[in-house]
Amino acid sequence: GNSVTQMEGPVTLSEEAFLTINCTYTATGYPSLFWYVQYPGEGLQLLLKATKADDKGSNKGFEATYRKETTSFHLEKGSVQVSDSAVYFCALLPGGSYIPTFGRGTSLIVHP
Amino acid sequence: DAGVTQSPTHLIKTRGQHVTLRCSPISGHKSVSWYQQVLGQGPQFIFQYYEKEERGRGNFPDRFSARQFPNYSSELNVNALLLGDSALYLCASSLDGGNTIYFGEGSWLTVV
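Quick mapping for you: the protein sequence lines, in order, are chains V and W.
Counting in the numbering used here, the first sequence runs from 22 upward without gaps.
Counting in the numbering used here, the second sequence runs from 22 upward without gaps.
So here's chain W without its partners, still in its complex pose (with noise of 0.2 Å):
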């Protein structure tokens, strides 16, 4: 069976602009949940979906949305980059947004 799978792997973006990422669960996980990862350190919590409903929300500000689609696939979308938003995105996916998540590889976003 196929893992999470994110796209793109990796790119690059201009300040100011818009970027959508995303995300294909593993077949059978109704839940997703997006992470933002800085180099150097651990994946901060950004969202989670569980039957295309927001069930938790992290710190960070309302440039960043998501959503989850009936089949369960998600969107991260980030608007107005800034430098700071550099980072790998990773997602995860769950039966059910209980503890055993298994990542996606991640997309690398880069803003210039």
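Chain V with its partners taken away, still in its complex shape (with noise of 0.2 Å):
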């Protein structure tokens, strides 16, 4: 089945430092990757997306690059913000399908 697999949080950062959230994933096929934010008492936001292997998606300063060799998709920012502090999903859709698997989430918190 397809499955996707994040550090477990929170991770808690001072602003300006580096970030990254990692995802594995399995799949059958060729997948399309995405990354998305929840802000608190929010929806979930689509912040980039990916839909094949080498591609990398970003917006807002995080980028986030399609490793099928290694079937990651690790999400990266060079400096964070306070503002960045959310929760963070990374998920797939398979190839052919509706049906979306998401991760658990990876709350962020930075600080001033």
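What the hints contain is simulated information worked out from the structure, not anything from laboratory work.
Don't take every hint at face value.
Said to hold, decoys possible - With a straight-line Cα cutoff of 27 Å, these simulated DSSO-like cross-link-like pairs (lysine-lysine) come out:
{"no.": "1", "chain 1": "V", "residue 1": "K73", "chain 2": "W", "residue 2": "K51"}
{"no.": "2", "chain 1": "V", "residue 1": "K70", "chain 2": "W", "residue 2": "K34"}
{"no.": "3", "chain 1": "V", "residue 1": "K70", "chain 2": "V", "residue 2": "K81"}
{"no.": "4", "chain 1": "V", "residue 1": "K89", "chain 2": "V", "residue 2": "K70"}
{"no.": "5", "chain 1": "V", "residue 1": "K73", "chain 2": "V", "residue 2": "K98"}
{"no.": "6", "chain 1": "V", "residue 1": "K73", "chain 2": "V", "residue 2": "K89"}
Using the hints, put the two standalone chains together into the complex.
Given below as structure tokens:
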């Protein structure tokens, strides 16, 4: 079956620190990969996506590269801000399917 | 343009009762999907509808049902509520059920 594994949180960083949130997946075929962000009390917002191997998704200073050989899609940001504090979800959508699979989420806390 | 809108935002129900949650997709979007997000977990897929037809169903009991109306809005119904149904219910819309979906802010259901 399909699954997404994210690193356990919370991840606690100081402002301007480098961020990495690990995500690995198991899927048949060639899925599309996504990162979503959820701010407190809100729904999920699409942060970035990649649809094929070696694609890099990027948005708002965040980026992630689709690595087929390691089945990974790690999220990175060079310099985090307090406003980046949120829960981040990695997700996959198998090719030809309409049913996504989400990871459990990783909470990020950024201190001033 | 308005995003995905859901109602009600919060509600409290008693075990055994029935609940109806509503969703209006982004204008022009023909696909609506529903997710259950239990605290501390990622969203779990419940249903997807496209052009008023059910296109996908997740691993949820028959107590959960949904429909999509001619204007593409949707309802999620849950019968015989259990304490374990307490969760954030998210609706998402997309043009055609493809890989870019937009979430609403969700309906918080508490079953007591």
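We went through each hint and held it up to the structure:
| no. | hint | result |
| --- | --- | --- |
| 1 | V:K73 x W:K51 | holds (25 Å) |
| 2 | V:K70 x W:K34 | violated (37 Å) |
| 3 | V:K70 x V:K81 | holds (13 Å) |
| 4 | V:K89 x V:K70 | holds (14 Å) |
| 5 | V:K73 x V:K98 | holds (21 Å) |
| 6 | V:K73 x V:K89 | holds (8 Å) |
Taken one by one, the earlier hints fail for this structure only at number 2.
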